[in-house]
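**Q** As a plain string of letters, each chain reads:
There are 4 protein chains.
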Amino acid sequence: MSHRSPEPSSIRDDRPSGDPGDYAFRHDIRVRFAETDAMGIVHHSRYLPYLEEARVEYLRSIGHPYDAERSEGVDYAVLEAHLAYRQPLHFDDVVTVHLRVTSATRASFTIQYLLTVDGAVTSTATTVHACVNDKGRPVRLPRWLSELVAPLR
Amino acid sequence: MSHRSPEPSSIRDDRPSGDPGDYAFRHDIRVRFAETDAMGIVHHSRYLPYLEEARVEYLRSIGHPYDAERSEGVDYAVLEAHLAYRQPLHFDDVVTVHLRVTSATRASFTIQYLLTVDGAVTSTATTVHACVNDKGRPVRLPRWLSELVAPLR
Amino acid sequence: MSHRSPEPSSIRDDRPSGDPGDYAFRHDIRVRFAETDAMGIVHHSRYLPYLEEARVEYLRSIGHPYDAERSEGVDYAVLEAHLAYRQPLHFDDVVTVHLRVTSATRASFTIQYLLTVDGAVTSTATTVHACVNDKGRPVRLPRWLSELVAPLR
Amino acid sequence: MSHRSPEPSSIRDDRPSGDPGDYAFRHDIRVRFAETDAMGIVHHSRYLPYLEEARVEYLRSIGHPYDAERSEGVDYAVLEAHLAYRQPLHFDDVVTVHLRVTSATRASFTIQYLLTVDGAVTSTATTVHACVNDKGRPVRLPRWLSELVAPLR
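Chains as they are written, first to last, in our numbering: chain A, 1 to 153; chain B, 1 to 153; chain C, 1 to 153; chain D, 1 to 153.
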């Protein structure tokens, strides 16, 4: 097939590592019953809030709580998300979300995730984010974020 | 960076068309208030249930309602999902989800989506599905689905 | 037991009718797969967005779309909700939400709901709402709403 | 108005205490961004999964993990839920859910909840549950639960 996409994807160039040791941060989340579906597993849409919760805890851990960023008028829009589901998650599982910032441009950055339960890989994911102001317009990354991702450029 | 993924991705080879005319099916969904978030837009996790609703209506439209498939012990696990968010969705928007099956293997198939509001493209997405039995084990695609996607192989 | 609640409840005085003929408005919603849980039924938290969708369609039907109200700085906070689950809902069910405004004070109003599937009652519900301004402060009901509920006082 | 409800409500007889000291168990939950809505607060439907998470942790704390109960074919259907929203919850709030079992019959039991943030009461809630078997049929409460609630009868 030959149809084309209007813009290149930063997600496609690189795949998340399956090795927890490659990730800078980890956060545990226990699966709620409300997140399961009639197949008896966690519904595939429920992973994105897990990734978001892990991002929020990561920002807190490096001294830049998301809430503070938002109060200063900077927000992080999600531009892209990719999820690869390998093994299902079940009610009451404790999911460890491993994450790392893997690349950045002037106005966007990419985060990769590895999800494990009891050490076994269940899924990987990637999200791409832009910094936007309170009107949703793209702005440059804040300085602390630029410096964080500088080695990645 | 050089880490590797254990399996190739069928999503990465191809990108959804931005032309509604390229899609076989369309389904309208009105955004619920409960689907918005504190940024005033639809939360990015809420798109996956929209795609799922469109798949369900597509299956119904071609005479293979999902519920009937499930009763016969065939289910469709989601293996991968990719979402590219271009323009936000807002409360009360009527989103048109355009959909087409774009490729298939013996045990999996790929669907692409284009989301529009009043004709303007807001996002694209791709999902990859496997057929599984009631124990979650992969099985061959049912015959009708094989025949549907045969021209795509 | 003798502990007391700080405020009286408008919900407790009255119970929703089980007769669809008692309701002013009805709206159909098809259950999404994403709304089911591992018990194979619709999760009990998913009913509240159904009620909300029905309220939104009701407001539209009487010429006061919720979105327009919100643009004018009036919002409807939920003060109380009561749900009585009699029969479960399942994936792909078409749920008919019957609703009516049943009472009002200067700053709040009550809505009752009857949920049916194929004519059989599955649940009833009641919600109590306050009108609030864009800072979340209670304000008097808009005139059209006062007039709508005047016969109920 | 004179319409009648087909069954009496165990919720209406009693209201949750506003005093945290009256509750047997407490569990903290941090609000996710995905749980907020375009009013900038936690959507009212999102409280029910919070209550459920607290119930699950309570059962674990008394040696009867929900997952184990479900494996033995006993499940807890939600018959009724009542929520009184006093103050909104916001993104990143740490909500303390206080909980106690307040009454029981042969086949159902009632739980009351008090939600606080930094010690301030934000809402109260009540849920009524039935024990059901794996076909969704009501069964007697398991012995440990009967004994737990015996003093309440």
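Keep in mind that the hints were calculated from the coordinates and are not lab data.
Accuracy of the hints is not assured; some may be wrong.
[To be verified] Pair by pair, the computed Cβ-Cβ distance ranges are:
#1 B:D22 - D:G136: 31 to 37 Å
#2 C:R30 - D:D118: 37 to 43 Å
#3 C:D22 - B:L148: 45 to 51 Å
#4 B:Q87 - C:D28: 27 to 33 Å
[As the list claims (entries may be wrong)] Sample of chain D residues at the chain A side, in silico, Cβ under 7 Å:
#5 F33
#6 A34
#7 E52
Each residue gets a CB set at the ideal place from its N, CA and C atoms; glycine is no exception.
**Q** Next step is simple, just say for each hint if it's right about the structure.
**A** For each hint, the structure was consulted:
| no. | hint | result |
| --- | --- | --- |
| 1 | B:D22 - D:G136: 31 to 37 Å | 45 Å, violated |
| 2 | C:R30 - D:D118: 37 to 43 Å | 41 Å, holds |
| 3 | C:D22 - B:L148: 45 to 51 Å | 47 Å, holds |
| 4 | B:Q87 - C:D28: 27 to 33 Å | 29 Å, holds |
| 5 | F33 | 6 Å, holds |
| 6 | A34 | 4 Å, holds |
| 7 | E52 | 6 Å, holds |
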